[in-house]
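Participant: Spelled out, the chains give:
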Amino acid sequence: MKDYGIFDVIGPIMIGPSSSHTAGAARLGYLARKIAGEEIKKVVFYLHGSFAKTYAGHGTDRALVAGVLGLMPDDERIRDAFLLAQEKGLLFSFQELDLGDVHPNTVLMVLETLSGEKWEVAGSSIGGGKVRIIRINELEVDFAGEYTTLITYHQDRPGVIADVTAVLARHNINVAFMRVFRVKKAENAVLIAETDEDISDSILAEIAKNSKVAQAKVLRPFTAIIMKERIL
Amino acid sequence: MQIRNGADLLAICREKAMPLHQVMLAYESKKSGKTTAEIFALMRTQLQVMYSSTQQGLSENSNLQGQIIGGEAKKLKQRSQKTKPVCGYTMARAVSFALSVTEVNASMGRIVAAPTAGASGVLPGVLFSLAETHQLAEDQLVEGLFTAGAVGLVIAKNASLSGAAGGCQAEIGSASAMAAAAAVELVKGSPEQALHAAAIALKNLLGLVCDPVAGLVESPCSKRNAVGTANALVAAEMALAGIESVIPFDEVVAAMYQVGRTLPLTLRETAEGGLAITPTGIKLKKKILGENDDQSACSACGECSQA
Chain A
1 MKDYGIFDVI
11 GPIMIGPSSS
21 HTAGAARLGY
31 LARKIAGEEI
41 KKVVFYLHGS
51 FAKTYAGHGT
61 DRALVAGVLG
71 LMPDDERIRD
81 AFLLAQEKGL
91 LFSFQELDLG
101 DVHPNTVLMV
111 LETLSGEKWE
121 VAGSSIGGGK
131 VRIIRINELE
141 VDFAGEYTTL
151 ITYHQDRPGV
161 IADVTAVLAR
171 HNINVAFMRV
181 FRVKKAENAV
191 LIAETDEDIS
201 DSILAEIAKN
211 SKVAQAKVLR
221 PFTAIIMKER
231 IL
Chain B
1 MQIRNGADLL
11 AICREKAMPL
21 HQVMLAYESK
31 KSGKTTAEIF
41 ALMRTQLQVM
51 YSSTQQGLSE
61 NSNLQGQIIG
71 GEAKKLKQRS
81 QKTKPVCGYT
91 MARAVSFALS
101 VTEVNASMGR
111 IVAAPTAGAS
121 GVLPGVLFSL
131 AETHQLAEDQ
141 LVEGLFTAGA
151 VGLVIAKNAS
161 LSGAAGGCQA
171 EIGSASAMAA
181 AAAVELVKGS
191 PEQALHAAAI
201 ALKNLLGLVC
211 DPVAGLVESP
221 CSKRNAVGTA
231 NALVAAEMAL
241 AGIESVIPFD
251 EVVAAMYQVG
261 RTLPLTLRET
271 AEGGLAITPT
281 GIKLKKKILG
291 ENDDQSACSA
301 CGECSQA
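As you go down the protein sequences, you meet chains A and B in turn. FYI, our numbering numbers position 104 of the first sequence as 104, with every residue one higher than the one before it. FYI, our numbering numbers position 141 of the second sequence as 141, with every residue one higher than the one before it.
Excised from the complex, chain A in its bound form:
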């Protein structure tokens, strides 16, 4: 028997018509932008399976673009995302592509940031607006973005993970889930830690001080962001 909460039954607040094809798509675009870490100037969406076949009917295309522009899944401007992209100078296009043995609602986003960095992020919309990120660049990963999520890009060397978790421990931040991914031994690796408490920018800077850590980023969960924006 699954452990449901009341907000699994009433909610989410979302832009229609479909939680998987619209709300989930917006969320995937948003997470991709956060993973890239800065404004995006160009994106190609490679749509797989059901996303490829029905994206126009359910507004999946507009939702993805909106997400990459930084809009939340409940932002009414999703409807006008193409216009907004034009205003902001974001170039986007859609292509169908078989991504192999993945969930039918999967998209691969190839992004170019304002400073010219290239990112590849793939994710699946798994129903009810929930998503999983399954790939960042060449690394296969797996996380949902429902918790505060720390992502470090680092060299696969002994002690890096211990250093990162030591910083979290010092600030009394509890790790709920953590996984590390790498392509090959001693090469590029990614650590993804989902935590119960927020990770502030100063804590993030502390983590990034480690010379083996190339980049450290934090994705904040949607409810926290929405609440914060409402309070501000």
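Among the clues, some could well be false.
Cross-link-like lysine to aspartate or glutamate pairs, in silico, EDC-like; alpha carbons within 16 Å at most [as the list claims (entries may be wrong)]:
hint: 1; chain 1: B; residue 1: K157; chain 2: B; residue 2: E237
hint: 2; chain 1: B; residue 1: K31; chain 2: A; residue 2: D196
hint: 3; chain 1: A; residue 1: K118; chain 2: A; residue 2: E197
hint: 4; chain 1: B; residue 1: K157; chain 2: A; residue 2: D8
hint: 5; chain 1: A; residue 1: K42; chain 2: A; residue 2: E112
hint: 6; chain 1: B; residue 1: K34; chain 2: A; residue 2: D196
hint: 7; chain 1: B; residue 1: K30; chain 2: A; residue 2: D3
hint: 8; chain 1: B; residue 1: K34; chain 2: A; residue 2: E112
hint: 9; chain 1: A; residue 1: K41; chain 2: A; residue 2: E146
hint: 10; chain 1: B; residue 1: K157; chain 2: A; residue 2: E96
hint: 11; chain 1: B; residue 1: K34; chain 2: A; residue 2: E197
hint: 12; chain 1: B; residue 1: K31; chain 2: A; residue 2: D163
Rather than coming from a laboratory, the hints here were simulated on the basis of the structure.
Starting from the known structure of chain A, fit chain B onto it as the hints suggest.
Facilitator: Frame of chain A; chain B shown alone:
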């Protein structure tokens, strides 16, 4: 605090002398570690979004258009302003709210999935019509969402809230049961009466299939939201009068699950049966998805693989 089914809910209500909505609030607080005030505030935000979605389709200059539906809520409102509604003023109001929400959803507006986007009109329809006829304050309506959530939680645990898994009975049926229970508690009915109302509402929609034209959340979904709303009010009225469901709530939920599993796949959100494959349904699909689209709406949608 353990909530496995309706019997658990009623036992806690009796033991603590609390209505369903208070039990649900306490349960959620314990489960999430958030304070009851935080949770209540989150729920209030959802109620406010619901309210706005009931109004958008009714304003004079609104022009909500999905790919099939649009403008129905306004028609209903205009008629009830000119003529005495055959189903009574409360019902006409409730239904116009529900239709408004479905139009907002179809036109990429902001709604609250309750429990799903496809059934998002029912709860707002019931809550905001009762708010008018019974002068209910916003706090009370938020409480109503907790009552509804308690019923939805039990259905989610023991059956399903997804059309792909259980047909429309799992979406509109569940929404209607949730709204019926909320209506009972909003006018101070007992937890027992609330679950009788939920049982009656769900029974009345048992077996309802999910057969969306062109695979879109528009037809027949929109009008089934209207009927789910009316059904909830009728069920609540009966329960408040002391009429009991012959089959208890938990057994109705079990029956709904069993019926859902027996429904053929063609009638579970695949758009391969029922109204979706009527001559008009097929014509609409071709018009929307393109004449040369040989892909069935089913294989195109992929919802079922998520269930």
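Participant: Could you run down the list of hints and mark each one as holding or not?
Facilitator: Going down the list of hints, with the structure as the test:
1. B:K157 <-> B:E237: Answer violated: K157 (chain B) to E237 (chain B) is near 27 Å, above 16 Å.
2. B:K31 <-> A:D196: holds, 14 Å
3. A:K118 <-> A:E197: Roughly 30 Å between the alpha carbons, so the hint for K118 (chain A) and E197 (chain A) is violated.
4. B:K157 <-> A:D8: With Cα atoms ~11 Å apart, K157 (chain B) and D8 (chain A) stay inside 16 Å; holds.
5. A:K42 <-> A:E112: Cα-Cα ~5 Å, so holds.
6. B:K34 <-> A:D196: holds, 12 Å
7. B:K30 <-> A:D3: holds, 13 Å
8. B:K34 <-> A:E112: violated, 39 Å
9. A:K41 <-> A:E146: violated, 26 Å
10. B:K157 <-> A:E96: violated, 37 Å
11. B:K34 <-> A:E197: Roughly 13 Å separates the two Cα atoms, so the pair holds.
12. B:K31 <-> A:D163: violated, 32 Å
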